[in-house]
Amino acid sequence: MLDIKNLKASVEGKDILKGLDLQVKAGEVHAIMGPNGSGKSTLSQVLAGRDTFQVDGGSVTWDGQDLLAMPIEERARAGLFLAFQYPVEIPGVSNAYFLKAAVNAVRKHRGLPEFDAMDFLTRVKAEMKSVGMKEEFLYRAVNEGFSGGEKKRNEVLQMALLEPRLAILDETDSGLDIDALKVVADGVNRLRSPDRALIVITHYQRLLDYIVPDHVHVLSQGRIVRSGGRELALELEEKGYGWIGDAGEIHAAPPAAGGAQ
Amino acid sequence: MKTATPARKIDSFLDQEYSAGFETLLEADTLPKGLSEDVIRVISAKKGEPEFLLEWRLEAYRRWLTMTAPKWAAVDFPDIDFQDIVYYSAPKKKDGPKSLDEVDPELLKTFEKLGVPLHERARLAGVAVDAVFDSVSVATTFKKELGEHGIIFCSFSEAVKTHPELIRQYLGTVVPPSDNFYAALNSAVFSDGSFVFIPKGVKCPMELSTYFRINARDTGQFERTLIIAEEGASVSYLEGCTAPMRDENQLHAAVVELIALDDAKIKYSTVQNWYPGDKDGIGGIYNFVTKRGDCRGARSHISWTQVETGSAITWKYPSVILRGDDSVGDFHSVALSNHRQQADTGTKMIHMGRNTKSTILSKGISAGRGSNTFRGLVRIAPKAEGARNYTQCDSLLIGDQCAAHTFPTIEARNPTAHVEHEATTSRIGEDQLFYAMQRGLTAEDAVSMIVNGFCREVFKELPMEFAVEAQKLLGVSLEGSIG
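Chains A and B, in that order, are what the protein sequence lines are.
For the first sequence, this note's numbering gives the first residue as 6, with consecutive numbering after it.
For the second sequence, this note's numbering gives the first residue as -2, with consecutive numbering after it.
Only chain A is shown next, with the shape it has when bound in the complex (with noise of 0.2 Å):
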């Protein structure tokens, strides 16, 4: 389904992503684990199209079409979708009028017809039970105001209501107490679906623990440097990554690791 291939990315002449290359399935789960400054939200950010980082080479292919040349809006509308690390608010414009107008641009490339405002009033506060989001969050403006649990609640919601093919959660988890970790994982995982894709990018393994990955992959210095199933997380949990930045620099396990596999 996704396709990265020596993908390289800068942001103001610095150099990020240097050659990354990951393969997601549909059905998949992938989590992509790593240090501050390793790459994890560039990716994230370039996948979706962010301008402000220039793609200095390789290429990303999705359902066999060139990802990088599809303008933002119609990477969404294809079914991408970017759970933000830090929800952007906009004031004077209330979540019920924005997820309807985002809904219904979906939709109509779908083919599907969109929503009036009764059925949309039906299906967002269904969904909104399901997250935990009382009703009033539908009449404010959108994320003004709201604490860092409830954005990222409202962007779980989005998520379920755009219906995406492959959705990428930059650090969802961060910020988070117990409690809205379990429903933010809870709305990740009634999305799972075997035509449907996963990215979880995430600092630290806990959110592993609830929504489980298929494979996981370790990035250093704007490379995948290791990837693995589950128990990769779990080893990085117990010894840090610390030891993922030596085996970065070398290119391979070192022996005490190949050793404890």
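Since the hints were derived computationally from the structure, they do not count as laboratory data.
Note that the structure is predicted; figures quoted are calculated from it, not measured.
Please note: incorrect hints may appear among the correct ones.
Claimed, not checked - Label pairs and their computed distance ranges (CB to CB):
| hint | chain 1 | residue 1 | chain 2 | residue 2 | range |
| --- | --- | --- | --- | --- | --- |
| 1 | A | 126 | B | 461 | 20 to 26 Å |
| 2 | B | 420 | A | 68 | 55 to 61 Å |
| 3 | A | 122 | B | 412 | 45 to 51 Å |
| 4 | B | 407 | A | 20 | 53 to 59 Å |
| 5 | B | 419 | A | 243 | 36 to 42 Å |
| 6 | B | 400 | A | 141 | 35 to 41 Å |
| 7 | B | 407 | A | 135 | 47 to 53 Å |
| 8 | A | 64 | B | 422 | 41 to 47 Å |
| 9 | A | 195 | B | 419 | 40 to 46 Å |
| 10 | A | 135 | B | 461 | 49 to 55 Å |
Said to hold, decoys possible - What the simulated footprint calls covered on chain B by chain A, stretch by stretch (three residues with Cβ under 8 Å from a Cβ of chain A suffice, anywhere in the stretch; the number is not a length):
| hint | stretch |
| --- | --- |
| 11 | 420 to 428 |
| 12 | 441 to 448 |
What the hints assert, rightly or not - Partial list, computed: chain A residues near chain B (C-beta under 10 Å):
| hint | residue |
| --- | --- |
| 13 | 57 |
| 14 | 167 |
| 15 | 219 |
Ideal Cβ placement from N, Cα and C applies to all residues, glycine included.
Dock chain B against chain A, hints included.
Below, chain B without anything else, positioned relative to chain A:
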């Protein structure tokens, strides 16, 4: 790597063309350029005015000669050569149309093209229209129906002939010719405009509307509008304006006077879309307008709502004098300046009566290299016991080359006065656009959603058709604004 960036998309979006910029080719009766007592005598004679009005004009002219153009506004333009302007231009006609059938079809077509059909079949339902083309009113619809209620709605020139006593009684009583430089000029040379009189106790059954169109080249438009609501009367009045695209600047210096007697209510809404000039600031209308309402009676209510998207320069402060006890004044404004447009606009609320109330709600949007200034005065006179004012001024910036300024002035001379002022400034950020686009919206939709959210409180004050119009206009006027 070719991706459509929010910044680039908004650029193209903000560069949309001015759709009312066409010119109508008509034979016109046009005076040579320049201003003198003789020119004023000719204008007055062409309109067959009574002696008192000619004298009034000449006095204003003499006054104007002693005045200098105001320089205090935060706008920048070369000095205007007042001898290089045509002060009268009218579509040529034989004896003046007796009915719409006699109006030049080219004129009817012009207004139709602007969305203001005047002929019987296509009239706007529930809206009576007075269409003013260059210096004269060409048609007023629904006159007869309104007449049955005793309502007078006609061109100013016609009112001078048919109701000189009302003109004499009220003209210049709210904005005297000596008020300011442009008001004095207007008083000397005004050519036409609308006149509305709502008699005692009558609620006007439909919206009244004037549509102003500048067509002729090098012509100034100086219209004069006078609206009188007698005791207990009420009226909602709309004003729309457009002009062709030209490389020269054109001057528009209008005066609007509103008079509300006891318990009367006047709601005055404007959607101003004069040609704003091109994106480099070439051409466009200089809109220097004096609008003032006088809440002369107790419990009267005057409400100004304006959506200002056009003009190269806007200099305009619709104000209310709250003379009657318990009278109410409102000012709701959306002012947009894109490219090189400059808007210096706001209001004055002059509280003189007891328990008078005023509300000021101003939304300024600056985009491109536009500059937007809010200038407000709230004055509470010593006798205005219990006066209250609430002012809210919000500015929205699009891009990083535009400017917004706020100059509120409060003069409270009565200790019981209650005056509140709130102001905010926000910016449409690249992060907001990216967020909205990541959810599937286009940059255009995202900007218009944010701008409409910002203006909602003002739009809901507009009559419905106008609110829709204003929303569309704002979308068009913003095309091409982030850089």
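Hints and how they fare:
1. A:126 - B:461: 20 to 26 Å: 23 Å, holds
2. B:420 - A:68: 55 to 61 Å: Roughly 50 Å apart at Cβ, these two residues miss the hinted range, so it is violated.
3. A:122 - B:412: 45 to 51 Å: 50 Å, holds
4. B:407 - A:20: 53 to 59 Å: For residue 407 of chain B and residue 20 of chain A the Cβ distance comes to about 56 Å; the hint holds.
5. B:419 - A:243: 36 to 42 Å: Violated - the Cβ-Cβ distance for residue 419 of chain B and residue 243 of chain A, about 55 Å, lies outside 36 to 42 Å.
6. B:400 - A:141: 35 to 41 Å: Between residue 400 of chain B and residue 141 of chain A, where Cβ atoms are some 37 Å apart, the hint holds.
7. B:407 - A:135: 47 to 53 Å: Cβ of residue 407 of chain B to Cβ of residue 135 of chain A: about 51 Å, so the range 47 to 53 Å holds.
8. A:64 - B:422: 41 to 47 Å: 43 Å, holds
9. A:195 - B:419: 40 to 46 Å: For residue 419 of chain B against residue 195 of chain A, whose Cβ atoms are near 43 Å apart, the range 40 to 46 Å holds.
10. A:135 - B:461: 49 to 55 Å: Distance hint for residue 135 of chain A, residue 461 of chain B is violated at roughly 38 Å.
11. 420 to 428: Coverage by chain A holds for the stretch 420 to 428 of chain B (4 residues, Cβ < 8 Å).
12. 441 to 448: It holds, with 3 qualifying residues against the three required.
13. 57: 7 Å, holds
14. 167: For residue 167 of chain A, the interface hint holds, since the closest Cβ of chain B sits about 7 Å away, which is under 10 Å.
15. 219: 25 Å, violated
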